[in-house]
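Student: Chain by chain, the residues run as shown.
Protein chains: 4
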Amino acid sequence: MSYLQLPEGKELDFVAIGRLCIDLNANEINRPMEETMTFTKYVGGSPANICIGMSRLGMKTGFIGKVANDQMGRFIVSYLERNGIDTTNVVTDRTGAVTGLAFTEIKSPTDCSILMYRERVADLLLETGEVLEEVVAKTKVLLISGTALAKSPSREAVFLTLDYAKKHGAKIIFDLDYRPYTWTSNEETAIYYNLAAEKCDVIIGTREEFDMMEQFEKGQRDDRTTASKWFSYQAEIVIIKHGKEGSIAYTQDGESHTASSFPAKVIKTFGAGDSYAAGFIYGLMNGWTVEKSMEFGSAAAAIVVSSHSCSDAMPTAEQVRDYMVRCNNGEIVAS
Amino acid sequence: MSYLQLPEGKELDFVAIGRLCIDLNANEINRPMEETMTFTKYVGGSPANICIGMSRLGMKTGFIGKVANDQMGRFIVSYLERNGIDTTNVVTDRTGAVTGLAFTEIKSPTDCSILMYRERVADLLLETGEVLEEVVAKTKVLLISGTALAKSPSREAVFLTLDYAKKHGAKIIFDLDYRPYTWTSNEETAIYYNLAAEKCDVIIGTREEFDMMEQFEKGQRDDRTTASKWFSYQAEIVIIKHGKEGSIAYTQDGESHTASSFPAKVIKTFGAGDSYAAGFIYGLMNGWTVEKSMEFGSAAAAIVVSSHSCSDAMPTAEQVRDYMVRCNNGEIVAS
Amino acid sequence: MSYLQLPEGKELDFVAIGRLCIDLNANEINRPMEETMTFTKYVGGSPANICIGMSRLGMKTGFIGKVANDQMGRFIVSYLERNGIDTTNVVTDRTGAVTGLAFTEIKSPTDCSILMYRERVADLLLETGEVLEEVVAKTKVLLISGTALAKSPSREAVFLTLDYAKKHGAKIIFDLDYRPYTWTSNEETAIYYNLAAEKCDVIIGTREEFDMMEQFEKGQRDDRTTASKWFSYQAEIVIIKHGKEGSIAYTQDGESHTASSFPAKVIKTFGAGDSYAAGFIYGLMNGWTVEKSMEFGSAAAAIVVSSHSCSDAMPTAEQVRDYMVRCNNGEIVAS
Amino acid sequence: MSYLQLPEGKELDFVAIGRLCIDLNANEINRPMEETMTFTKYVGGSPANICIGMSRLGMKTGFIGKVANDQMGRFIVSYLERNGIDTTNVVTDRTGAVTGLAFTEIKSPTDCSILMYRERVADLLLETGEVLEEVVAKTKVLLISGTALAKSPSREAVFLTLDYAKKHGAKIIFDLDYRPYTWTSNEETAIYYNLAAEKCDVIIGTREEFDMMEQFEKGQRDDRTTASKWFSYQAEIVIIKHGKEGSIAYTQDGESHTASSFPAKVIKTFGAGDSYAAGFIYGLMNGWTVEKSMEFGSAAAAIVVSSHSCSDAMPTAEQVRDYMVRCNNGEIVAS
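Sequence order for the protein chains is A, B, C and D.
Numbering-wise, the first sequence is residues 1 to 335 according to UniProt numbering.
Numbering-wise, the second sequence is residues 1 to 335 according to UniProt numbering.
Numbering-wise, the third sequence is residues 1 to 335 according to UniProt numbering.
Numbering-wise, the fourth sequence is residues 1 to 335 according to UniProt numbering.
Don't take every hint at face value.
Intra- or inter-copy, both count: the list cannot distinguish identical chains.
Pairs of lysine to any residue, SDA-like flavour, derived with a Cα cap of 25 Å [as the list claims (entries may be wrong)]: (1) 167 x 223; (2) 138 x 248; (3) 244 x 222; (4) 10 x 335; (5) 292 x 179; (6) 292 x 261; (7) 292 x 223; (8) 138 x 34; (9) 138 x 245; (10) 166 x 236; (11) 167 x 224; (12) 229 x 198; (13) 229 x 255; (14) 166 x 198; (15) 10 x 217; (16) 151 x 194.
Keep in mind that the hints were calculated from the coordinates and are not lab data.
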């Protein structure tokens with residue numbers, strides 16, 4: 001059964017809006033960053049990673065965002081274009097903003113952290129007047145990412161984009177992607193996350209992210225209650241991630257869905273969620289079952305956590321299928 | 001026909017949230033403020049005025065707001081209490097914020113202006129954690145005023161209050177009350193006004209205010225189109241004010257309604273909208289027709305514009321009825 | 001003996017730089033401000049008061065400052081001009097700043113307080129490029145007031161004005177006038193007060209103000225140590241005020257000077273320091289002894305504390321002399 | 001003749017205050033940064049580089065500064081310590097500030113630029129209360145760098161440190177090191193540069209930096225006028241750098257001094273000024289003539305511009321002497 005009725009006659013399959021930044025990944029890993037001497041540069045940012053992932057999987061994609069007017073910004077745009085992503089609506093800042101940075105520290109496959117540079121970043125300066133309605137009009141699916149709600153004017157640009165998406169019939173996917181820095185307070189976060197989620201068709205987040213959104217609500221909270229709340233607005237699918245215990249997807253028909261995961265020789269955990277999202281959305285858009293889509297997302301995630309980068313490691317559909325076959329054959333086992 | 005189905009069994013009729021400030025009205029009028037030497041102090045702020053108006057008309061009222069921890073703040077709370085308004089949820093700032101001020105200049109009955117002090121005002125510092133759900137739970141009607149959306153954290157406090165009101169079945173009235181100062185940009189204003197209006201049952205504003213909210217929409221705009229848009233969300237009544245040409249009210253049944261206004265010996269124009277709103281809402285809550293409610297609002301407004309203050313001049317129901325009788329008898333004619 | 005060698009051939013006697021604001025004095029006094037219903041408007045701000053005082057005493061004066069582009073700003077400029085003060089270098093803000101306000105509360109003659117509005121005030125926006133070197137060039141004496149050092153760009157404008165004054169031979173008087181609001185920290189205050197004081201010829205302040213400036217210094221602090229420190233820079237006279245115990249003036253020759261004060265029927269304490277400063281500087285500039293100048297300042301202060309306003313109550317030289325005579329005759333006794 | 005009379009009996013030769021940051025130098029050079037994929041991490045910041053240089057030259061050194069509470073901050077402190085620099089007064093931020101970054105782009109030996117990250121950096125958050133008077137008390141020479149004056153509270157910390165240095169007899173060297181970013185305006189820069197320079201014994205800067213400081217002064221400006229101005233305050237030596245045309249040093253005795261430079265196989269221009277300053281100050285502190293000191297500085301600079309890094313390439317005294325010999329022997333010629 002196909003859960004997401006996609007609009008017909010659209011030029012693009014998938015458009016993401018939000019963060020575009022740079023990952024600086026430690027080359028010398030399995031040690032504290034103090035001892036890392038060199039870093040390799042990649043395009044990063046959750047919606048960017050997902051969009052690159054969708055493009056690698058063969059979808060027609062575009063991006064709505066803002067980059068700094070510097071070497072980092074130009075690198076990002078050129079990388080997106082080389083990956084076949086429509087950058088018509090990637091605008092360049094003219095106010096001296098910088099590109100967000102994420103230095104990754106990999107002490108061990110399970111002990112990873114990020115040092116962020118998020119002050120005065122270009123991606124949060126996207127303005128309502130810079131969002132092109134015609135770009136939103138031509139996509140089947142719009143993906144928004146929570147971090148873009150963290151500050152004005154980016155926050156307002158996202159709300160306007162949601163209105164454009166509704167007007168033109170695009171399905172809206174909300175990847176909660178909550179990052180505490182850049183938000184002023186927990187309460188502020190909850191308010192805007194809720195206002196956005198009320199307008200979305202698919203909501204993907206961790207249990208902790210949904211808890212954050214429900215901080216003003218009293219009484220027992222559980223996954224089914226959470227899902228029901230959003231079905232009373234607009235949602236058709238709600239996915240709640242429980243880390244190592246796996247994810248559970250709820251659908252409006254009252255069903256819940258799970259899928260098993262795949263083994264991997266883990267280098268780091270970064271990028272798991274983004275590649276999972278790309279694989280899952282790809283499945284849904286192909287009309288697969290929720291289970292099959294989740295499985296495909298899990299395999300894509302296993303590939304990315306086995307690699308040094310996030311964006312650059314996003315697999316093609318063939319690579320995902322091949323990985324699944326090799327896992328099923330026992331050729332790949334967990335590290 | 002009664003348009004607004006009010007919830008039963010509520011302790012309060014009417015609660016307003018938002019601005020509480022001080023008006024400093026020129027005593028020596030009909031001259032530029034440069035030549036005014038003394039000022040008289042009144043409680044001000046659009047939702048405060050409306051709430052005082054409702055209380056004078058005999059309704060059980062309460063207020064949700066924040067005042068400075070100074071003499072002005074204490075004066076405001078004491079004035080509200082003397083007017084029978086429940087101030088359980090009027091909290092006091094502890095960060096050194098000040099009370100907003102409005103110095104009025106009355107050069108002539110038709111040439112009035114306001115000099116505002118709105119930097120770091122206490123009313124915009126109301127936080128989500130300070131809004132008492134139990135106060136919202138016990139009112140039939142909640143009134144929000146646009147200015148409270150202008151800044152964080154007041155903006156988030158209003159959105160949370162809207163959620164509480166929905167949850168407890170209160171009818172929500174949105175007095176647009178757009179004031180350009182304190183807003184960062186026109187686009188920002190439109191985004192949050194729209195997000196709030198989508199959740200409201202009655203929306204009252206000027207044509208210019210609705211135009212501001214529709215700035216991202218293309219095509220011909222007129223009153224009926226505006227009203228229809230809001231009926232597609234939640235609204236039951238939309239009132240669009242056209243200044244001297246009068247107001248027009250649209251209802252979900254497709255009808256439009258107008259009412260004639262009353263003559264007045266005008267001293268100044270301040271407070272006309274607030275007293276109109278109080279009178280109109282009072283009528284609706286009494287189950288009167290839209291026309292009769294509008295007429296009552298007009299009479300209340302005529303009384304206030306004939307006085308030196310806004311809040312302090314708010315009439316009782318008897319005063320309004322008496323004014324209408326005297327107008328009908330020809331005892332009162334326009335200045 | 002004349003302590004202050006004034007430059008010859010200057011067109012103006014006295015120029016002050018800094019705060020220009022509005023006092024709103026309670027008309028109904030001897031009660032908390034909550035119960036005051038009306039206020040009277042006066043020009044205020046310590047350097048403004050001193051400058052008005054100097055003008056009333058017959059000196060040729062000018063002012064360097066910035067006012068809001070509103071009715072309050074225009075009132076201030078017009079009042080200065082009516083008092084014979086050269087306003088060539090009073091510039092008007094074009095950024096939407098407001099005029100600082102001081103609401104006075106007079107609970108009793110000895111229990112007075114002020115409610116300040118100092119957010120985004122025009123006076124602190126004076127820029128280096130707006131200070132006219134030719135105005136500084138033509139004065140014998142420049143007075144700076146500490147509050148103007150509280151924020152950029154006013155702080156830099158004052159330092160530039162000090163350079164201009166040095167270059168053109170004007171004597172510089174520093175009225176410490178420390179007001180905690182508007183300063184970010186105590187440490188910041190001390191740093192800039194000291195940098196300014198190093199360049200001044202006469203320094204006037206309370207013991208508490210000098211203590212604040214000496215917070216980074218260790219060891220025993222007393223008045224003589226304080227004075228010595230400033231004599232090692234540029235100072236010729238240092239006056240340290242001890243409230244009711246009177247003031248003590250130190251001179252570079254090692255002498256200290258005191259003078260008795262005058263009785264007054266005190267209404268409020270505001271304005272005492274400003275009128276004292278005006279009277280004292282007037283005496284010095286006339287070549288009087290330090291003692292005689294202090295005495296004249298005390299008499300001027302006694303007149304102002306017996307009146308409702310500060311600026312408007314500044315006496316003429318004849319009024320001061322007359323007051324001294326009446327005190328000496330026993331016609332005036334303390335309240 | 002020895003120009004700088006150093007105090008006796010001090011434990012440290014040299015203490016610098018100010019910027020501590022990270023350089024991320026492109027590994028793939030002679031191309032735009034867009035095409036650089038990996039970067040190597042070094043300690044950076046002009047006063048840090050000079051201090052490391054002084055330490056390599058054999059001086060006993062210390063640093064006064066602030067680092068972020070993260071991996072970058074810990075790397076900086078550990079690097080300073082490994083270079084024998086006393087870090088007693090390097091404090092760690094606790095407010096979530098970051099470490100300043102400088103990505104270097106080397107398009108060609110003569111076409112180099114820097115991409116800076118300077119928002120909310122720890123080094124500008126050094127507070128007056130964090131400067132240890134005892135550290136200043138035990139050094140012969142204090143070096144301040146202009147960038148530390150760019151923002152509060154670092155600006156005030158520098159002014160307090162200048163007072164401590166004066167009190168304890170340390171000679172003060174001001175490396176102007178003007179960087180436009182982080183300053184609010186050109187006028188603000190000039191005011192604080194001048195206030196600091198008035199208190200310094202040696203001032204080193206480019207002609208453009210001195211021009212910036214003299215923007216409020218009228219009339220013909222030339223090097224000798226500039227030097228004379230500072231001799232009228234406190235300065236004993238003023239060095240004005242003219243890029244490729246070399247530097248000129250003025251001394252209080254009215255003499256001017258120049259020295260020839262050394263050939264180098266230039267990789268990039270970064271670090272030339274810092275290594276020059278270290279070499280020159282080293283010479284002065286050894287009692288060499290100004291000419292000989294300048295020559296030694298030039299040789300040190302030639303070594304650094306031939307290397308990939310700034311800090312890490314700072315030479316020992318022996319390396320500098322060796323380089324001079326090899327140049328004189330014709331073994332090294334310009335690239």
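Student: Next, verify each hint and record whether it holds.
Tutor: We went through each hint and held it up to the structure:
1. Taking identical chains as interchangeable, the C-alpha atoms of residue 167 and residue 223 lie at most 25 Å apart only when they sit on different chains, with a minimum of 20 Å there against 30 Å within one chain.
2. Taking the shortest Cα distances, residue 138 and residue 248 never come within 25 Å of each other, neither inside one copy (31 Å) nor across copies (38 Å).
3. In the homo-oligomer, the alpha carbons of residue 244 and residue 222 lie at most 25 Å apart inside one protomer (18 Å), although the nearest pairing across protomers, at 55 Å, exceeds that limit.
4. In this assembly of identical chains, residue 10 and residue 335 lie within 25 Å of each other by CA distance neither inside one copy nor across copies; the values are 43 Å within and 59 Å between.
5. Taking the shortest alpha-carbon separations for residue 292 and residue 179, neither the intra-copy value of 29 Å nor the inter-copy value of 53 Å comes in at or below 25 Å.
6. For the identical chains of this complex, residue 292 and residue 261 are intra-copy neighbours only, at 11 Å inside a copy versus 67 Å across copies, given an alpha-carbon limit of 25 Å.
7. With identical chains, the CA atoms of residue 292 and residue 223 are at most 25 Å apart within one copy only, with a shortest distance of 21 Å there and 50 Å across copies.
8. Taking the shortest Cα distances, residue 138 and residue 34 never come within 25 Å of each other, neither inside one copy (47 Å) nor across copies (31 Å).
9. Taking the closest pair of Cα atoms, residue 138 and residue 245 never come within 25 Å of each other, the shortest separation being 38 Å inside a single copy and 43 Å across copies.
10. Within a single copy, residue 166 and residue 236 get their C-alpha atoms as close as 15 Å, and across copies as close as 22 Å, so both meet the 25 Å cut-off.
11. Only between protomers do residue 167 and residue 224 lie at most 25 Å apart by alpha-carbon distance; the minimum there is 19 Å, versus 30 Å within a single protomer.
12. In this assembly of identical chains, the alpha carbons of residue 229 and residue 198 lie at most 25 Å apart whether taken from the same copy (9 Å) or from different copies (18 Å).
13. Taking the closest pair of Cα atoms, residue 229 and residue 255 come within 25 Å of each other only inside a single copy of the chain (15 Å); across copies the shortest separation is 35 Å, beyond that limit.
14. Proximity of residue 166 and residue 198 under a CA criterion of 25 Å is satisfied in both settings, with 12 Å inside one chain copy and 14 Å between copies.
15. Within a single copy, residue 10 and residue 217 get their C-alpha atoms only as close as 39 Å, which misses the 25 Å cut-off; across copies the closest is 22 Å, which meets it.
16. When the C-alpha separation of residue 151 and residue 194 is checked against a cutoff of 25 Å, the pair qualifies both within a copy, at 15 Å, and between copies, at 18 Å.
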